[in-house]
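The listed protein sequences derive, respectively, from chains A and B.
Each residue of the first sequence is one higher than the one before, counting from 1 in the working numbering.
Each residue of the second sequence is one higher than the one before, counting from 1 in the working numbering.
No wet-lab data here; the hints were simulated from the structure.
Everything hinted at is true.
Covered stretches of chain A (in silico footprint by chain B; criterion: 3 or more residues with CB under 8 Å from a CB of chain B, positions within the stretch not fixed):
{"no.": "1", "stretch": "11 to 24"}
{"no.": "2", "stretch": "27 to 38"}
{"no.": "3", "stretch": "101 to 115"}
Computed far set for chain B versus chain A, every beta-carbon distance over 12 Å:
{"no.": "4", "residue": "Val31"}
{"no.": "5", "residue": "Pro43"}
{"no.": "6", "residue": "Ser44"}
{"no.": "7", "residue": "Ser46"}
Ideal Cβ positions, reconstructed from N, Cα and C, are used throughout, including at glycine.
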Amino acid sequence: MSEARLMVEIDRVLPAPPATVYRALTDPELYQRWMGPDGSVTTIEEMDLRIGGRLAFRVRLPEHDMEFGIHGFYEEIEPERRLVHSWLVEGDDDVSTVVMTLESVGDGTRLSITHHGLTSPEDVSQNQGGWTHQLDRLETVLATAG
Amino acid sequence: MNREVDAVFAALADPSRRAILERLAAGEATVGAVAAPLDMALPSVSKHVKVLERAGLVVRRVRGREHWLRLAPHGFASAADWMTHYAQFWSDSADRLAEVVADLSSNEGDPHE
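Isolated chain A (complex conformation):
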């Protein structure tokens, strides 16, 4: 393989039913309130919720004096169940994919977010894998380097 294809997966049970969670994922005003790391400020530029429709937003990190634009296109839309869109960071050539799935559990919703197809700019000799593989491989890298 000539480039790394990596992924990040997270899983959370959220304290609201799937309909509410889905609304937070698809309403621009609500989306701005949660998208991005702690301390960030997100501004939606476009959220055209249909297959092939464009999602575009900017994330500002005042603490780090950083700002970046992210955009993508919706690939799968299943209300209250599944949302898939591409993910392209401004100034970067590599397209990755974000998959969000919702599942009703008790009074809440299990939300899984998988961000896959990530390419590490600094590491082009690795094969694909998740966090576990990353750790295993880091050991190898360090052992080799040592």
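Following the hints, position chain B against chain A.
For chain B alone, coordinates are given in the frame of chain A:
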């Protein structure tokens, strides 16, 4: 190699410590939550956590009586460092989302809102 890298390598050489890091890759957690799946006494877990802290891989925050652990954003070099950023990005986003939907739920439950 420098001492920092030696410390990282030594920290990662243990399966329990890797399990702790994998747990923290999913988000901030208490020492107790990290210890639960390990089948290990709390003092042993604390020792492992200290090794990870010294290696700069894990950061501890004390909130009341609870000790919360999270991955250090700059703990890993190169590819893994970068992976940590995306893990953090989504972990933070999901935490924030949890607050937003909790707000929505409580407002929807109140007819005066």
